[in-house]
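Trainee: Okay, here's what each chain looks like letter by letter:
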Amino acid sequence: GAVVSQHPSWVICKSGTSVKIECRSLDFQATTMFWYRQFPKQSLMLMATSNEGSKATYEQGVEKDKFLINHASLTLSTLTVTSAHPEDSSFYICSARPLLDEQFFGPGTRLTVL
Amino acid sequence: QKEVEQNSGPLSVPEGAIASLNCTYSDRGSQSFFWYRQYSGKSPELIMSIYSNGDKEDGRFTAQLNKASQYVSLLIRDSQPSDSATYLCAVNPGLTGGGNKLTFGTGTQLKVEL
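Taken in order, these protein sequences are the chains called D and A. Per the numbering used here: the first sequence = residues 1 to 114. Per the numbering used here: the second sequence = residues 1001 to 1114.
These aren't lab readings, by the way, just hints derived from the structure by calculation. Any given hint could turn out to be false.
[As the list claims (entries may be wrong)] The calculated lysine-lysine pairs, modelled on DSBU-like cross-linking and capped at a C-alpha distance of 35 Å, are: (1) K64/D <-> K1042/A; (2) K1111/A <-> K55/D; (3) K1067/A <-> K1111/A; (4) K20/D <-> K1042/A; (5) K1067/A <-> K14/D.
[As the list claims (entries may be wrong)] Chain A residues, not near chain D, derived (Cβ > 12 Å throughout): (6) D1027; (7) R1028; (8) Q1038; (9) G1041; (10) D1055; (11) Q1080; (12) S1084; (13) L1088; (14) E1113.
The C-beta atom is built at its ideal place from N, Cα and C for all residues, glycine as well.
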């Protein structure tokens, strides 16, 4: 299967700071990547669709000014959580799609905001 | 509202038995269907994809799709303790359903007992 990486794998930050998470497709190009959030014992929630060279498409209820997405190249998308607060603590996972519509997930980033 | 429904479980099966996981979806126009395995604290891993009615086998896994009845299932033969995880059903509603975004079920927790 296709390989997707994320960095960092975990991050702890103080309330009010911004955190950037990188998602890379290692062995394929991805014009579209997806960002999900998962709270403990809950299912995946799609936050936004990241489109290379254009603006991201956010799901209803997701604040675009708080969760900044930049898809700068065909192999890299970044999610920046701005002015993070404890309620933003979650497991953030990206995915990418090399062929058809099979999505492959990165290993995830666990964010803890103190 | 496009929905994907799964029994949350836990589904407990003895080692060596067949585990049967079921999923129903509401959008009749859905085009493609996926099963992901998610271990606790990890990101989802793609196990199977299925696009047409019938069975698709890959090793110990068999996916079954019945579009008329709008259900998809996953059978795991010779279940092993390492199969213990949460299994997520995901459906791509196709272009009429919002593009290539996946809709996930809440997952079924499988426990394989020694």
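Trainee: So which of the earlier hints does this model not fit?
Mentor: 2, 5, 8, 9 and 13
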